[in-house]
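*Asks:* Chain by chain, the residues:
2 protein chains.
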Amino acid sequence: MTPPDSTPSSSDSSASGAGGERKRILTGVRPTGALHLGHYVGALENWIRLQREYECFFLIADYQVSDYADDFDRVRESVWEVALDWLAVGLDPNNSHYTIESLVPEHAELTTWLGWWTPLGMLERNPTLKSEMADLEARGSVPVAFFNYPLMQVANILMPKAHLVPVGDDQLPHIEMTREIARRFNRKFDREVFPEPDALVGRVARLVGTDGDAKMSKSRNNAIFLKDDEDTVNQKVRGMFTDPTRLRATDPGHVEGNPVFIYHDAFNPDTDEVNDLKERYVAGKVGDVEVKQKLAKAINAFLDPIRERRRYFESHPEEVRAALERGSTYSREVAQATMADVRDAMQTNYLAR
Amino acid sequence: MTPPDSTPSSSDSSASGAGGERKRILTGVRPTGALHLGHYVGALENWIRLQREYECFFLIADYQVSDYADDFDRVRESVWEVALDWLAVGLDPNNSHYTIESLVPEHAELTTWLGWWTPLGMLERNPTLKSEMADLEARGSVPVAFFNYPLMQVANILMPKAHLVPVGDDQLPHIEMTREIARRFNRKFDREVFPEPDALVGRVARLVGTDGDAKMSKSRNNAIFLKDDEDTVNQKVRGMFTDPTRLRATDPGHVEGNPVFIYHDAFNPDTDEVNDLKERYVAGKVGDVEVKQKLAKAINAFLDPIRERRRYFESHPEEVRAALERGSTYSREVAQATMADVRDAMQTNYLAR
Numbered sequence: 001m002t003p004p005d006s007t008p009s010s011s012d013s014s015a016s017g018a019g020g021e022r023k024r025i026l027t028g029v030r031p032t033g034a035l036h037l038g039h040y041v042g043a044l045e046n047w048i049r050l051q052r053e054y055e056c057f058f059l060i061a062d063y064q065v066s067d068y069a070d071d072f073d074r075v076r077e078s079v080w081e082v083a084l085d086w087l088a089v090g091l092d093p094n095n096s097h098y099t100i101e102s103l104v105p106e107h108a109e110l111t112t113w114l115g116w117w118t119p120l121g122m123l124e125r126n127p128t129l130k131s132e133m134a135d136l137e138a139r140g141s142v143p144v145a146f147f148n149y150p151l152m153q154v155a156n157i158l159m160p161k162a163h164l165v166p167v168g169d170d171q172l173p174h175i176e177m178t179r180e181i182a183r184r185f186n187r188k189f190d191r192e193v194f195p196e197p198d199a200l201v202g203r204v205a206r207l208v209g210t211d212g213d214a215k216m217s218k219s220r221n222n223a224i225f226l227k228d229d230e231d232t233v234n235q236k237v238r239g240m241f242t243d244p245t246r247l248r249a250t251d252p253g254h255v256e257g258n259p260v261f262i263y264h265d266a267f268n269p270d271t272d273e274v275n276d277l278k279e280r281y282v283a284g285k286v287g288d289v290e291v292k293q294k295l296a297k298a299i300n301a302f303l304d305p306i307r308e309r310r311r312y313f314e315s316h317p318e319e320v321r322a323a324l325e326r327g328s329t330y331s332r333e334v335a336q337a338t339m340a341d342v343r344d345a346m347q348t349n350y351l352a353r
Numbered sequence: 001m002t003p004p005d006s007t008p009s010s011s012d013s014s015a016s017g018a019g020g021e022r023k024r025i026l027t028g029v030r031p032t033g034a035l036h037l038g039h040y041v042g043a044l045e046n047w048i049r050l051q052r053e054y055e056c057f058f059l060i061a062d063y064q065v066s067d068y069a070d071d072f073d074r075v076r077e078s079v080w081e082v083a084l085d086w087l088a089v090g091l092d093p094n095n096s097h098y099t100i101e102s103l104v105p106e107h108a109e110l111t112t113w114l115g116w117w118t119p120l121g122m123l124e125r126n127p128t129l130k131s132e133m134a135d136l137e138a139r140g141s142v143p144v145a146f147f148n149y150p151l152m153q154v155a156n157i158l159m160p161k162a163h164l165v166p167v168g169d170d171q172l173p174h175i176e177m178t179r180e181i182a183r184r185f186n187r188k189f190d191r192e193v194f195p196e197p198d199a200l201v202g203r204v205a206r207l208v209g210t211d212g213d214a215k216m217s218k219s220r221n222n223a224i225f226l227k228d229d230e231d232t233v234n235q236k237v238r239g240m241f242t243d244p245t246r247l248r249a250t251d252p253g254h255v256e257g258n259p260v261f262i263y264h265d266a267f268n269p270d271t272d273e274v275n276d277l278k279e280r281y282v283a284g285k286v287g288d289v290e291v292k293q294k295l296a297k298a299i300n301a302f303l304d305p306i307r308e309r310r311r312y313f314e315s316h317p318e319e320v321r322a323a324l325e326r327g328s329t330y331s332r333e334v335a336q337a338t339m340a341d342v343r344d345a346m347q348t349n350y351l352a353r
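These protein sequences, in sequence, are chains W and Z.
FYI, in our numbering the residues of the first sequence are 1 to 353.
FYI, in our numbering the residues of the second sequence are 1 to 353.
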């Protein structure tokens, strides 16, 4: 029995394993819950396309969720959920490398060495880290591991000697830090151990939540998950925020920034229907109910094949395990080769003396 | 050919390997140079005694010298120098475990996980770290790895599940931090993965430098090294500071706090001679020259067997390598067993699902 196919063209790509020809991409996600439509629009859609051309390392960064230290069950569960979602959307685990970060403990080893040539101020001045730490402090305390996570991300990228890292504009400083640390290490030991990765800047879309909030997230309870069933989607869409200035269906409404139309644009392939709805909405000639019913239908149609594949893998856990095992094992081999280069450059092969 | 024996009683101890009966001790040194008389009085003397009763893990902490990031040659060289000095003073590598920290990369792995349950404030408030960081900042910048080193020391201690850590009074807060982190981890995962180590508080003597400075150290150029030859020792002792208030040999002198007498007390086993010198010194009846000549003779007599053993091992690098290899390999096995316990407690054996 084979899973329902949703990646017909991935078999066109060269087989993984050797990976000598394709350029390498490193990207990943923190295991903090199942994936939602925001992840799809913001990342997965891109990855599905990129996996054909590049050798992709997809990382489940379980070392980097120390802000969930009090809810470790969730971390554990989420590793599996993320893998299921990736399989469901069609990331091919035989053509890319599903990697559980902690199954490649060389990440911790490389982070330690890189920390020698990373001034503390580089982390302290990181604006993203700063604001995340302020949030964490407000809720309790910041774990040491959290403070170190940006450096671990640098190690994640350098470990497979990734050429490219898909990012949005806002993450460019992070790639700059990676390049800087790679440069320092190479200069110090006078050889190019690490290529300086380039950012693959794309339009990284951010999907608003069902409540119109800037970010879809589990904690805000404004997310539609890739694994949500039809009824759940219908219910969530019914509860969506629309145009707050519009009180009656006969009032002229606003389409710009209106969550239901943002979602229509993202998930309803029937552009005629979407344009018709928009025109009637602006003219006050359609109610929220119809707009939402059509949206729910579109989202369900979009999710149906994903759900079907997810159901398949849920009932075939051995294939999920195999995907994680194959990818993590391969990534560990790559990591061990990189660490051999690192030790060679640093001449820390003390016993070879 | 066997090395000159200086540890006749170490063969009385039970063989290493199983290590099931003897309590475990973890201690170590940072590889920043060859060892000197200060190391001997402050640590080695104790270790030589402890190795008979305990299973000792002697760590060469090469992950923790990031303050020497600009002088990595020295780090590399010092790993070897430390091993030679240990062998020379009679730490038995077949009864204890000479461990190069980075050859057991599990130290980095455990540090990462422990960082989840260590609040940043615990490091930020560490008074020793604070003052060391201030010194480093004055000279340049603090590496991230340096900021993390106290947590790595916790990992060093917990890795072999050490029962005891030899410390001086001033290091008790460090052991308290280790106990606290062990407790947090055990509580979190509801099992005793890590025993809480006890401090083995001893009189940890600190030998003043030849210039009377509180600390003997290479950077202050006030150290007598265990590997110094006779001429070097004679010369260093000739240049030692004595009683600054005494201008002529006929002036009454002070013995208390006088470096030459501190050294006499530490290294001259002929107490009659030492008492005679002290009496005449106080009475203004002996010159610095005689006091120093007798001191140089005593130190050289103390160092002679150490030098002899060192020469042996310098011409038998394969035995040095074997000591480091056997110990590091054994320590890595111990580390892997501990990490298996850690993963088991955390249930991060994702693929076993």
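Simulated from the structure, these hints should not be mistaken for laboratory data.
It is possible that part of the hints are untrue.
No distinction is drawn between identical chains; accordingly, a pair holds when it is met within one copy or between any pair of copies.
What the hints assert, rightly or not - Calculated cross-link-like contacts (lysine-lysine; reagent style DSS-like; alpha-carbon spacing at most 30 Å):
| # | residue 1 | residue 2 |
| --- | --- | --- |
| 1 | 188 | 218 |
| 2 | 161 | 188 |
| 3 | 23 | 292 |
| 4 | 297 | 161 |
| 5 | 285 | 218 |
| 6 | 278 | 130 |
| 7 | 227 | 285 |
| 8 | 130 | 188 |
| 9 | 292 | 161 |
| 10 | 236 | 292 |
*Asks:* Since the copies are identical, ignore which copy is meant and state whether residue 278 and residue 130 lie within 30 Å (CA to CA) inside a copy, between copies, both or neither.
*Replies:* Neither, since 41 Å and 61 Å both go past 30 Å.
*Asks:* Evaluate residue 227 and residue 285 at a C-alpha cut-off of 30 Å and name the case that applies: within, between, both or neither.
*Replies:* So residue 227 and residue 285 fail the 30 Å test inside a copy (34 Å) and across (94 Å) alike.
*Asks:* Which holds for residue 23 with residue 292 at a C-alpha limit of 30 Å: within a copy, between copies, both or neither?
*Replies:* neither (42 Å within a copy, 69 Å between copies)
*Asks:* Are the CA atoms of residue 188 and residue 218 at most 30 Å apart within a copy, between copies, both, or neither?
*Replies:* between (44 Å within a copy, 24 Å between copies)
*Asks:* Please work out whether the CA atoms of residue 130 and residue 188 approach to 30 Å or closer within one copy, between two copies, in both situations, or in neither?
*Replies:* The answer is both: 29 Å in one copy and 27 Å across copies each meet 30 Å.
*Asks:* One pair to classify: residue 285 and residue 218, alpha carbons no more than 30 Å apart. Within, between, both, or neither?
*Replies:* neither (34 Å within a copy, 86 Å between copies)
*Asks:* Within a copy, between copies, both or neither: which one fits residue 297 and residue 161 at a CA-CA cutoff of 30 Å?
*Replies:* neither (43 Å within a copy, 58 Å between copies)
*Asks:* For residue 292 vs residue 161, is the C-alpha pair at or below 30 Å within one copy, between two copies, both, or neither?
*Replies:* neither (46 Å within a copy, 60 Å between copies)
*Asks:* Up to 30 Å between alpha-carbons, please classify residue 236 paired with residue 292: within, between, both or neither.
*Replies:* within (10 Å within a copy, 89 Å between copies)
*Asks:* Taking 30 Å as the upper bound on the Cα-Cα distance, should residue 161 and residue 188 be classified as within, between, both, or neither?
*Replies:* within (18 Å within a copy, 36 Å between copies)
Hint violations for this structure: numbers 3, 4, 5, 6, 7, 9, all remaining hints satisfied.
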